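Put together the whole structure using the sequences plus the hints.
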Amino acid sequence: EIKGRILNVTVSRTPSNKYFVSICCTDVEIIQLPQNSNAIGVRE
Numbered sequence: 349e350i351k352g353r354i355l356n357v358t359v360s361r362t363p364s365n366k367y368f369v370s371i372c373c374t375d376v377e378i379i380q381l382p383q384n385s386n387a388i389g390v391r392e
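Under this note's numbering, the first residue of the sequence shown carries the number 349, and numbering increases by one thereafter.
Keep in mind that a hint or two might mislead.
[Stated by the list, open to error] Cross-link-like lysine to any residue pairs, in silico, SDA-like; alpha carbons within 25 Å at most:
1. K351 / S385
2. K366 / I350
3. K366 / I354
4. K351 / Y367
Rather than coming from a laboratory, the hints here were simulated on the basis of the structure. It should be emphasised that the depicted structure is a prediction, and the values quoted were computed from it without experimental measurement.
Structure (structure tokens):
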């Protein structure tokens, strides 16, 4: 189920014929996640 107003949809196909869909919506409730001390990213 998609909630809110759809702004943009992008459908992509990989060389192995798998499909991926990206959906951008507005007017949706944002759920706050609990804070933690974990870090992500690229290290030098």
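How the hints compare with the structure:
1. K351 / S385: Between K351 and S385 the Cα gap is close to 31 Å, so the pair fails against 25 Å, i.e. violated.
2. K366 / I350: The given pair, whose Cα atoms are some 21 Å apart, holds under the 25 Å limit.
3. K366 / I354: 23 Å, holds
4. K351 / Y367: The given pair, whose Cα atoms are some 22 Å apart, holds under the 25 Å limit.
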